[in-house]
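Using the hints, position chain B against chain A.
Heads up: the protein sequence lines correspond to chains A and B, in order. Here the first sequence is numbered in this note's numbering, starting from 6 and rising by one per residue. Here the second sequence is numbered in this note's numbering, starting from 420 and rising by one per residue.
No wet-lab data here; the hints were simulated from the structure. Some hints could be false.
[Claimed, not checked] Derived CB-CB ranges, DEER-like:
1) A:G72 - B:Q484: 34 to 44 Å
2) B:Q484 - A:E181: 53 to 63 Å
3) A:P70 - B:E512: 36 to 46 Å
4) B:A470 - A:Q238: 25 to 35 Å
Beta carbons are placed, not taken as given, at the ideal position from N, Cα and C, and that holds for glycine.
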Amino acid sequence: MMIDRRRLLAGSSVFGAAMVLGAPALLGQAKQRVVVIGGGAGGATAAKYIAKDSGGAIEVVLVEPAGEFITCFHSNLYLGGFRDLKSITHSYDRLTANYGIRHNRQAATQIDREKKQVVLADGTRLPYDRLVVSPGIDLKYDSVPGWSQAHEETMPHAWKAGKQTEILKSRLAAVEDGGTIVMIAPPNPYGCPPGPYERVSMMAHVLKTAGKTKCKIMVLDPKESFSKQGLFQAGWEKYYPGMVEWLGPKIHDGIKSVDPKTNTVETGFETYKNAALVNVIPAQMAGKIARDAGLANASGYCAIDPETMRSSVDANIYVIGDACIAGDMPKSAFAANSQAKVAALNVRGELTAARVFPARYANTCWSLIAPDDTVKVGGSYGAKDGKIAALTTFVSQTGETEAMRKEQQAENMGWYAGITSDMFS
Amino acid sequence: MSVSRLSRSAIFAAAALAGSEYGQAAAGGDRAFGEYLSAECVTCHQVTGQATGGIPAIVAWPEDQFIAVMQAYKAKDRDNNVMQTMAGRLSKEEIEALAAYFGSLPIQPLRN
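Here chain B stands alone, though its shape is the one from the complex:
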């Protein structure tokens, strides 16, 4: 799936406005399981949706996009050995659960 930068931003904004109910309504995966699995992700990716340095934000993504990206890491179609390792041990259901959980989170405003 290819999403332009502009349209992806628009999707993010809509997701952020809708807050957590957005993801719960749309979730295909097990959100509670995803929340547990997410603990491994948030050591690097900020749960607030803020991005720093070379670690991108991963909250409020459309679920199918999140799944496509993770599957590409799992298949080693995308570079980055950290992500290949993390995605490599995740099953299809686990990736869907993560997509449901992170997709449900709003991007939080920066705090001081």
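Bound conformation, chain A alone:
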């Protein structure tokens, strides 16, 4: 293969000099390559920071089949009518134009860790010096009895933004007053802990705005408790009285089966027949490419070194975002963006003479409950006791003033503009 040969020749021609200077990457001829798999909050950020901060010393290839990215974050605001789809859709053009990142629009099908190559859908092998793996989550399509990938249009999950979100939105609009919506919430760990409950809020808002206040949203949760529970439940009571009912596993006694043909959900406690809409958010695991490469452990997610984000099983690979085991950090876009910067710094430290500083991580997740009523949870994190540990955390309180909640919604919108600018321009 041409590229391999050229890289090999370039490498050997500087070998003597490199022995003397001890810094082959700085010589220019032997440009080292970082491949990034996945163009979401983790991957796009990592690609940008490695390319930008290495000033062209590292070749960065972003492997991502999509030409543009629809953010999962704020897709609930699209569902609720607070944003349009275009405003959560982002192009990779600035990353390629501004930082010289090569966007390879194919799916990565395999990581050949022995040869340090990524195999692409067309069979091409892309050699790497370091690999950043940021595939996000995969859905466990067999985790809800009776439901599978074949039923994802009938009973949408909408846990990948785009077509699924549009299906959910149009199905929600068609719900008639008095109809029952059933949401099957996911077990931990999953992407975006407050996401299902912000979604419930947005569904209720849409129904209420359309005057369909006789509708009921049943949330069947496999978890005993959930993120920002008190805040969401107080909000549902305040804005959508009688419209939302959350049932934990001790009450519903487990999901026994779903029948997509009749839109029926059977629990140990009750059977919901002819539901107007069933939203199945199944259990999740790290993206297939990471699991197939042996980067994940029995939990389905990938262990990492909390100081660097380097994979615990392969020193040439970094795993960031929802696919990794990030200790106390939740799986969120903010967290993925934060982890990407730690990985980018360490990659540069390894391949160039970049100064490396101790890892610092942060997260904040804002959730919209009703117009002008947003709550947040967050914290700062660091490497401690072999994991990413919370240093300080905060969460909104019930009973905050209307002005404060409104201010937090303005923050939420500002954060979205900030992080998408950080990722894509």
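Structure of chain B alone, referenced to chain A:
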């Protein structure tokens, strides 16, 4: 330190005109360290100096003003739990480094 809206705008404009050399010349903190630390800030605050929604612009500020604001968050004299958390873990040197870095950046014009 109290700076009126008008005079602060004037300072911003001067800083923007002078570009990055402004901050480097005036920097008291370690700018390179500040650039590293800044990665945590720019998840919300746009590095271009554009402000959207409830997230203010933080580039091209006079360094002493930046330091005063961050110290007020650190001391919890200013509200906002995100900023109290972020500032709370920053040392005096780290705040100075951030002030030097963000102070050195120009406000960039809006792109489409």
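The hints, checked one at a time:
no.	hint	in the structure
1	A:G72 - B:Q484: 34 to 44 Å	holds, 43 Å
2	B:Q484 - A:E181: 53 to 63 Å	holds, 57 Å
3	A:P70 - B:E512: 36 to 46 Å	holds, 44 Å
4	B:A470 - A:Q238: 25 to 35 Å	holds, 34 Å
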